[in-house]
Structure formats: C-alpha cells, structure tokens
Amino acid sequence: MKYSAIWPVFCLLLASIFINACTDPTAIGADLLEGDRTRLEFFDTISIAAFVEEAPASATHSRFNAFDAYLLGDMEDPIFGRSKAELFFQVLPRFADPLIGEDLIIDSVILNLPLAASAYYGNTDQNFELAVRRIDAVIANDNEYDSDTTFASIEEPLATVLYAPTADSVTYLSYISSTTGTSVKLPTIRIPLSNDIGTEILSIDSLTRNSDDQFVEAFNGIHLQPTSLNQGMPALNLINSETGIFVYYHSDTLARQYHLEVASASVKFMSLEHDFTGTPVEAALTNNDNISDSLLFTQGMVGPIIRIAFPHIAELRNRNLVVNKAELELWEGDLAGSQSFIFEPGEQLLLATKDENGNFVPIDDYTISLANLPDRFGGNLINEGGLLPNAYRMNIGTHLQEMIDGRESNEFYLILASKVNRASRTILYGPNHPEFPIKLSVTGTIVTN
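All the letters of the sequence shown, read from the start, carry residue numbers 1 to 449 under my numbering.
Treat the hints as calculated values from the structure; they're not laboratory data. Predicted model only: the values in this text are computed from it and were never measured. Using N, Cα and C, we set each Cβ at its ideal position, and we do this for glycine too. Honestly, I wouldn't trust all of these hints.
To be verified - Pairwise CB distance ranges (calculated):
1. Asp355 - Ala96: 18 to 28 Å
2. Ala164 - Ile100: 32 to 42 Å
3. Glu273 - Arg134: 44 to 54 Å
4. Glu155 - Leu388: 31 to 41 Å
5. Val170 - Arg407: 49 to 59 Å
6. Asn359 - Gly406: 14 to 24 Å
7. Glu41 - Thr367: 22 to 32 Å
8. Gln339 - Ser62: 28 to 38 Å
9. Asp196 - Ser118: 30 to 40 Å
10. Arg407 - Ile154: 46 to 56 Å
11. Asn127 - Asp375: 31 to 41 Å
12. Gln339 - Thr166: 14 to 24 Å
13. Leu370 - Glu102: 53 to 63 Å
14. Phe42 - Arg407: 18 to 28 Å
Make a model of the complete structure from these sequences and hints.
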C-alpha cells in the first residue's frame with residue numbers, strides 16, 4: 001500500500017525533471033559541442049560600394065576557341081555613346097574543292113557572310129553599309145589577338161555594300177558535289193567581288209595553295225569595316241562552313257566552285273572601340289571616387305564594367321559566420337532618353353574576379369552551377385511585374401565565404417554574359433538609390449565559444 005501511494009508522486013517528479021531538461025536547448029548533447037554555441041542569423045545591411053570602370057582589352061581570337069558570333073557595326077546609343085566593331089579574318093583553300101579542268105573561265109566571285117541573328121543588338125531593322133578591304137599584312141597565327149588590335153588594309157575597297165541584316169534566308173547553288181548545283185538556304189550576305197580577285201586566286205600555284213602558311217602570305221585576308229552609323233549592331237557567323245570567298249568557274253561546260261573558307265586554323269578577330277564623350281557613362285567613369293551615385297552602367301564588347309566592393313566584410317570573420325545562403329540583388333535602372341525599347345538590357349549578368357593577367361574569371365558559384373545546377377547561380381533578368389523594375393539576383397554564398405575567410409579580396413566585377421561578342425548594355429540602380437539599392441541578403445550560422 002505504501003508503494004502504491006508513493007508511485008504517482010515519483011512519476012510526477014520524474015516528468016517535471018524531464019520537461020525542464022527538454023526546454024533547455026543546450027542541456028541535452030551539450031557535451032558534444034564542447035562549449036560551442038550556434039545561432040542562425042539573417043541580415044541585409046552589409047555595406048556595399050560600387051564603381052563604374054573602363055574594361056581592359058580582351059582577347060577576340062584564340063587558337064583554341066571561336067565565338068558563335070562576330071560583331072560588325074558602328075552603333076550610336078544615347079547613353080553609352082558610340083560602339084564600333086570591325087572584323088579581320090584569313091581565308092584558306094578548302095581542300096575538298098580542288099581545281100578541275102584546264103582553261104578555266106571565271107563566272108563570278110562572291111564573298112559569302114552568314115549572319116548570326118541571335119547576337120543582333122539594338123535596331124537592326126534598317127540598312128547597314130560595309131566596306132570589304134584586303135588586309136595589307138601577314139597575320140601570324142599566334143595564340144591570341146586582343147580587341148584593340150588592328151592591321152593595315154588596302155585603301156581601295158574590294159566592294160562596298162548596303163545590306164539589311166534580316167533573318168530571312170537567301171537561296172543559292174553550291175557546286176561542291178554536283179555540276180548542276182545543290183540548293184543552299186541560309187541567312188547570309190552575298191557580296192560580288194571583281195573577277196580579277198578570282199583570277200588572282202586561281203593563279204596561285206598548287207604548292208602555295210596546299211600550305212596554309214604560304215597561302216596567307218600570298219593572300220593576307222579580309223577586313224570588314226562598317227561605313228554607316230546605325231542604332232544597332234549586326235553579327236556574323238564566321239564559323240559557318242559556308243563562310244568565305246567562292247570563285248565560280250567552268251571548264252568546258254562543267255560548272256565548278258573553288259572555296260576559300262574561314263577555317264578553324266584561320267585567324268579571325270574583332271577590333272572593338274567605344275567613344276563615351278558627352279554621355280552619362282563618361283560622367284560615371286570620371287567620378288569613380290564618388291560611390292553615392294544612384295546609377296551604374298555596364299556594357300558588352302569592351303564597354304564599362306562595374307566593380308562591387310564590401311568594405312567591412314572582414315568584420316564577419318570575427319563573428320565566425322558560416323554562410324548558408326547569400327543573394328546579391330540589383331535592379332534595372334531608368335534614365336530619361338535611354339530608349340530601352342531599342343537598347344534592351346542584357347539578359348544575364350555574371351560576377352568575376354581578375355587573374356594575374358587581368359583576365360576575368362567567373363566566381364566559383366557560377367562555375368559550380370554550370371556543372372551541377374545551371375539555374376542555381378541566377379543572374380538572369382527577371383520581370384517583377386507591377387510597378388517594380390526588372391531585377392537581377394545572384395547566389396554568391398561560396399564566394400562570400402571565401403571573402404569572409406580572407407581567401408578572396410573584398411571585391412569583384414559585374415559583367416555581362418558573353419561580354420566580348422555581345423553589344424548589349426544594362427543600366428542599374430547603385431548602392432545608395434533611395435528605393436532600389438544594391439542589396440546583399442545573407443543567411444548564416446554564427447558559431448560562438
């Protein structure tokens with residue numbers, strides 16, 4: 001009887017001890033943390049500074065890479081001023097097109113330039129003019145040619161043409177495997193050249209034609225120069241197999257063609273330049289010490305870039321922060337007269353650091369996402385709807401942790417995706433804009449002893 005009376009009291013006491021222990025978050029398993037305590041925090045008040053800077057020259061030719069598009073135009077933008085892209089490239093004999101027959105008679109010579117409509121920018125629904133010239137120097141097939149490289153060309157053009165860079169296809173005949181011609185259809189510019197060029201090409205001896213090095217000494221290459229000022233920037237697809245000079249000829253009654261192609265071994269590069277005189281971009285470039293400006297500017301080709309810095313990021317190191325997630329948010333800016341309906345903002349922004357040679361290197365968050373989750377990094381332009389401007393958001397947790405730990409500097413660069421061979425531009429609100437400032441939102445774990 002005594003045991004039965006005491007048991008309920010004992011059970012109540014035991015339950016009370018257990019409940020009190022469970023309400024203490026560090027009571028159970030505290031010995032496993034060896035004195036460490038963790039706390040989840042969210043904050044978006046990290047100080048940010050941003051500067052508009054000129055971009056360094058960039059490689060527009062490499063022996064190991066070719067662009068999907070090569071810009072060609074002289075574009076005038078009310079905010080970013082004037083942007084110009086010229087093209088230089090070598091042509092080499094296509095060995096599948098041997099000269100056949102004797103007493104060859106040239107029918108026509110055509111420079112064929114397939115278009116890359118996916119890389120067009122601005123208003124390309126207008127006429128553009130370009131001059132075709134011969135390069136007057138031998139271009140060595142070095143590893144790289146930068147965007148500020150030019151070569152002398154013969155003053156008298158081979159041709160001057162007015163063209164409309166539409167996506168409509170042109171149909172013409174190819175005589176690669178048939179003397180009656182096979183129909184080819186693609187968006188392209190077909191520029192007639194003098195038959196004298198064809199005579200010169202067919203007169204080059206077979207030993208020279210069979211050696212790339214010797215051939216480019218005999219025929220240095222082509223320089224394409226825009227000669228009209230427009231509100232848009234067309235682009236060419238130089239790696240298309242139909243690019244190059246076609247000499248159409250016949251022997252007896254058989255029609256043939258001889259093709260000088262822009263081969264993988266051909267040097268091909270863009271020469272790029274910008275003039276920001278009298279524009280808001282010029283004002284931003286000459287005002288780099290003032291971080292209170294509410295507008296920032298970045299552009300493709302070798303247009304301006306944005307340097308973003310976190311002056312006090314080292315303070316988070318002292319707080320033992322482990323980053324769980326970090327998102328950088330930027331809003332598309334608006335400026336009177338920007339004509340954004342013509343000059344649309346870039347589709348994606350990237351973040352990069354510079355290597356020891358001054359080349360841009362994407363941050364780890366971007367490269368990791370490419371290999372695993374392509375959409376994880378972000379950076380794409382997002383339509384927020386309503387009265388909000390469009391936004392760009394980028395996940396930078398890995399790189400922010402490296403900044404905090406001192407393995408990376410406290411700054412990086414904001415650039416447009418596919419920067420060198422795209423002409424798009426973006427206006428952004430700066431870190432001190434009253435409504436839509438640049439913001440870094442961080443969720444992390446604070447570890448304390």
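**Violated hints - listed by number, lowest first** = Violated: hints 1, 3 and 4.
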